[in-house]
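Next come the chains, spelled out residue by residue.
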Amino acid sequence: MRLYIRKMNQILEHIFKQAKNKERQGQKAIFEMFSPKMLAIAQSYIGNLQDSEDVLMVAFYKVFTAIDSCKSAETFPYWLRKIVVNESISFIRKNKNIFYVDEDIPSDYQEETDEIIPVDVEQVLSEMPLGYKLIFNLAIFEDKKHSEIAEILNISEGTSKSQLSKAKKWLKNFILKQQKDEK
Amino acid sequence: MKNDIYNNLKNRYEERSLKPSENLWEELEQKLETSLEKPKQSKKYYWFAAASLVLLLGIYSVFKMESPEVVEYSIMVKNKQETSEIIKTIENKDIIEEIIPKNITKTISENEEEKKLVAKKQEVEPKIIVEKIEEKPIIPSEKSPIDTKIVKELYVDNKLSNKEIETFVITEDLLFYIEAEKLKGKKSPQKQGFAIDLKKYEPQSIEILGISIYENKKKN
Numbered sequence: 001m002r003l004y005i006r007k008m009n010q011i012l013e014h015i016f017k018q019a020k021n022k023e024r025q026g027q028k029a030i031f032e033m034f035s036p037k038m039l040a041i042a043q044s045y046i047g048n049l050q051d052s053e054d055v056l057m058v059a060f061y062k063v064f065t066a067i068d069s070c071k072s073a074e075t076f077p078y079w080l081r082k083i084v085v086n087e088s089i090s091f092i093r094k095n096k097n098i099f100y101v102d103e104d105i106p107s108d109y110q111e112e113t114d115e116i117i118p119v120d121v122e123q124v125l126s127e128m129p130l131g132y133k134l135i136f137n138l139a140i141f142e143d144k145k146h147s148e149i150a151e152i153l154n155i156s157e158g159t160s161k162s163q164l165s166k167a168k169k170w171l172k173n174f175i176l177k178q179q180k181d182e183k
Numbered sequence: 001m002k003n004d005i006y007n008n009l010k011n012r013y014e015e016r017s018l019k020p021s022e023n024l025w026e027e028l029e030q031k032l033e034t035s036l037e038k039p040k041q042s043k044k045y046y047w048f049a050a051a052s053l054v055l056l057l058g059i060y061s062v063f064k065m066e067s068p069e070v071v072e073y074s075i076m077v078k079n080k081q082e083t084s085e086i087i088k089t090i091e092n093k094d095i096i097e098e099i100i101p102k103n104i105t106k107t108i109s110e111n112e113e114e115k116k117l118v119a120k121k122q123e124v125e126p127k128i129i130v131e132k133i134e135e136k137p138i139i140p141s142e143k144s145p146i147d148t149k150i151v152k153e154l155y156v157d158n159k160l161s162n163k164e165i166e167t168f169v170i171t172e173d174l175l176f177y178i179e180a181e182k183l184k185g186k187k188s189p190q191k192q193g194f195a196i197d198l199k200k201y202e203p204q205s206i207e208i209l210g211i212s213i214y215e216n217k218k219k220n
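Protein chains in written order, with our numbering: chain W, 1 to 183; chain U, 1 to 220.
These are calculated hints, taken from the structure and not from any lab test. Possibly wrong hints are sitting among the right ones.
Below are the DSSO-like pairs computed for lysine-lysine, each with C-alpha atoms no more than 30 Å apart in a straight line [what the hints assert, rightly or not]:
1) W/62 / U/31
2) U/44 / W/20
3) U/64 / W/20
4) U/10 / W/94
5) W/168 / W/94
6) W/37 / U/10
7) U/10 / W/180
8) W/71 / U/31
9) W/145 / W/82
10) W/37 / U/19
11) U/31 / W/96
12) U/44 / W/82
13) W/145 / W/161
14) U/10 / W/177
15) W/166 / U/10
16) W/62 / U/44
17) U/44 / W/17
18) U/10 / W/168
Given only the sequences and the hints, what does the whole structure look like? Please build it.
See the structure below:
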């Protein structure tokens, strides 16, 4: 496994250098290596596969034209992912109406203890309301702090916290509903 | 325990992958190629612009070197109407050279012999330097000939610096300029030079402190 990771890193370093030199071969190798994962990330925000591919193309175009600003091959996957997420969010903001009402965290808000329940992530992503999903994805999958989410979505930190709380409640209800349906 | 559900969800999320459509890379490649062509075009445009600018500057400098320099001169004139009258006389009359010795204030005189003698003594190049005119008009009309109150202070100074000389008129340059303007057929009162035909405005007599120092014999 270590050998595999080491070899993968060497390959990444090589194609990253090629892409930095604007070599088409290196760019194509990077695209083939990262596009399936990045398309899944874009799709988790946007939902529609066609729009997600459009966003992915824009993101990769930005990556290849501004690759000089990425310092090393090690940081490249994180840099690429950040660009894909940002492009996905800006696509949603342009094409879909999302309106967050500024509100503070409800006084009765508590992190509830959760049991390990098998969850179908695809179903969750497709069923969760878009407003919740943006904040949930950023907080849970991208490990963003509330201050960062507030900056990305141009909302207050309180709104970010309350929306995440609501998203978690929605997820709990969704899982309970699934369990009831299975029974 | 409380975050296990989210960790579980995250792990599944990270395992997700979707295969993009086959032509996506080709579209991206086309986009990248068009973006690479644009900067080349812009570079060519800048080079062309720079070359044309250099060419224009070269042409301008060549024409500037070939064209004769017009010596700038200044004269204080308070009455604009008189200026235009003077300009009219310049077109038809000859120009008078005035040679005045250094640091001497004189009344206007027609005695050319005296002037020549003074000039020889001072060994000065003939230059009209500065005319300081009092509130009276420079050249009176024929009805009111020049009297002693109209005084011109004319200076000749050999030790003038180069900068000062630039503001003065050399007679030859003045003649050349007038001739050039005649050829052009243009009249620009603001920049046009002029000379004064004093013969037209000959004073009948000049008195200083009640003593008559000059009488116009021709008119009498």
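Item to complete: Just pull the numbers of the violated hints for me, sorted ascending.
Response: 3, 12
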